[in-house]
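Enquirer: Please take these sequences and the hints and turn them into a complete structure.
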Amino acid sequence: MTIDWWTLGLQTVNVLILLWILARFLFRPVAKIIAERQAAAHAALDEAEAAKHAAEAARAEAEAARQAVLRERAEKIAEVRKDAEAEKQRLMAEVQAELDKARGQAKDELARQGRAQQEALSEQAGVLAGDIADRLLARLPKEARVAGFIDGLVEAVAQLPESTRAGIGLHGPVPLRAAQMPTEAEIAQLRAGLDTTLGRAVEIEVTEAPELIAGLELDTATAIVRNHFRADLDRITAEVRKHD
Amino acid sequence: MDNPLSIEPLFHIGPVPITQPVVVTWAIMLALGVFSYVATRHLRIVPTKTQTVLELFVTTIEGQVRDVMNGDPKPYRTLIGTIFLFILVANWSSLIPGIEPPTAHIETDAALALIVFVAILRFGIGSRGVRGYLATFAEPTWVMIPLNIVEQITRTFSLIVRLFGNVMSGVFVISIVLSLAGLFVPIPLMALDLLTGTVQAYIFAILATVFIGAAVAETPSPQSKEDISQ
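Quick mapping for you: the protein sequence lines, in order, are chains U and B. 186 is the number that this note's numbering gives to position 186 of the first sequence; each next residue is one higher, with no gaps. Quick note: to get this note's numbering, add 244 to the position in the second sequence (first position is 1).
Among these hints, one or two may not hold up.
Said to hold, decoys possible - What follows is a list of derived Cβ distance ranges for each label pair:
hint : chain 1 : residue 1 : chain 2 : residue 2 : range
1    : U       : Ala43     : B       : Gly373    : 35 to 41 Å
2    : B       : Met388    : U       : Ala35     : 51 to 57 Å
3    : B       : Leu339    : U       : Ala43     : 42 to 48 Å
4    : B       : Asp311    : U       : Ala48     : 28 to 34 Å
5    : U       : Gln38     : B       : Leu365    : 42 to 48 Å
6    : U       : Ala35     : B       : Ile369    : 25 to 31 Å
7    : B       : Thr398    : U       : Ala48     : 53 to 59 Å
Unchecked claim - Think about it this way: if two alpha-carbon atoms lie no more than 25 Å apart in a straight line, the pair counts; the simulated BS3-like pairs of lysine-lysine are:
hint : chain 1 : residue 1 : chain 2 : residue 2
8    : U       : Lys88     : U       : Lys76
9    : U       : Lys32     : B       : Lys318
10   : U       : Lys242    : U       : Lys88
11   : B       : Lys293    : B       : Lys318
12   : U       : Lys88     : U       : Lys101
13   : B       : Lys318    : U       : Lys76
To be verified - From chain U, some residues computed to sit far from chain B (all C-beta separations above 10 Å):
hint : residue
14   : Ile17
15   : Ala166
16   : Ile224
No lab work stands behind these hints: they were computed from the structure. Owing to the predicted nature of the structure, the values given are computational and were not obtained by experimental measurement. Even glycine gets a Cβ: it sits at the ideal position worked out from N, Cα and C.
Expert: Next up, the structure:
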């Protein structure tokens, strides 16, 4: 067995040339494109990672904004509730004041109506008493409407002060109102009583006044002496009103 | 039948005799060169089927180198890949009638082994420096220096003889059977020869990787670094 050294040398050179050819046209381009793909994949991964981070940041930001909106909403609700509560209190105070005012007015009105009713009742009582007295007196003789009151009138004049009594009948006849026109005897009795009480003779001018119901009324410049049912009823009514 | 142990020049270029293995090697170089040029002209990020096969081939070579050397396969990718591809194509060239594979001649195998031997020196010295590389011969003790030197030579010869013996014997057996039994009988043997050729290409490339890996200092590959960092 022999070795062809030329062939050995040529094959060595051939393999070296093949090394260069394959390095130039096969391994380097393929390795380069693999590296480029890996770089692209890494870049895509990095980009995806960056996008993920950006998305997470955006989500966190949105969450923060949502929390801020919720906080603001809660604050506004609390503020509105506070305002509503204040408004409610104010309205309630206003309503209470108006109620108090209306209640006071109603109370005043009721009192006023009560008083008016009382007055009306008193008035009616007076009228009723007058009617009762009138009907009762109607059963008595007509002379009783005057004769029974002569002594009382004289006594009332007697109780007047001296100076007042002195002025009665000085300047003319004494005006005298009677529930009905007195008889001559009654006038004489009345004049006699007044003469005795005043210590001098006086003239009497009698006029009829049915509103007195029964009795007499002496009306002079210095004094008015009432001795009749109307005056009594008025006094009783006044007393009743005073006691109410 | 030609004697596989002898080689006759087909023609001469000046004083240089051009033998059949050289011509076949040129044809293989041309075919591989043209194929590589055409196949890698329009590489894209989204690969075609051909590009996928090429990328699979390159990444497989890198994976094998990385696994064996436990280092960055980039400096050795072209050498190991070229050796594997050339031996594979050369072995399979026997399928073409009238063509003897260049690897069936010891000159081709010797040329490949010589290149591997030089690569071992180059990468060993480049990695460890001259003193560092020479110091590996004294490992584990200086007593081993003669044996390590002999090992360097013998393992190179083992590369030559293993490839030459397997391919040559295959060609030899097929030639004998073909001369004795007719046209279709050698076909199973030829199929077996394809397998043998593939295995021999793989063995030659892996052994070259192992020898180079033993010569260079152990450096973690970028992929390994990435794996560790993860």
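Enquirer: Go through the numbered hints given earlier and state which of them the structure violates, listing their numbers in rising order.
Expert: 2, 5, 10, 13, 14
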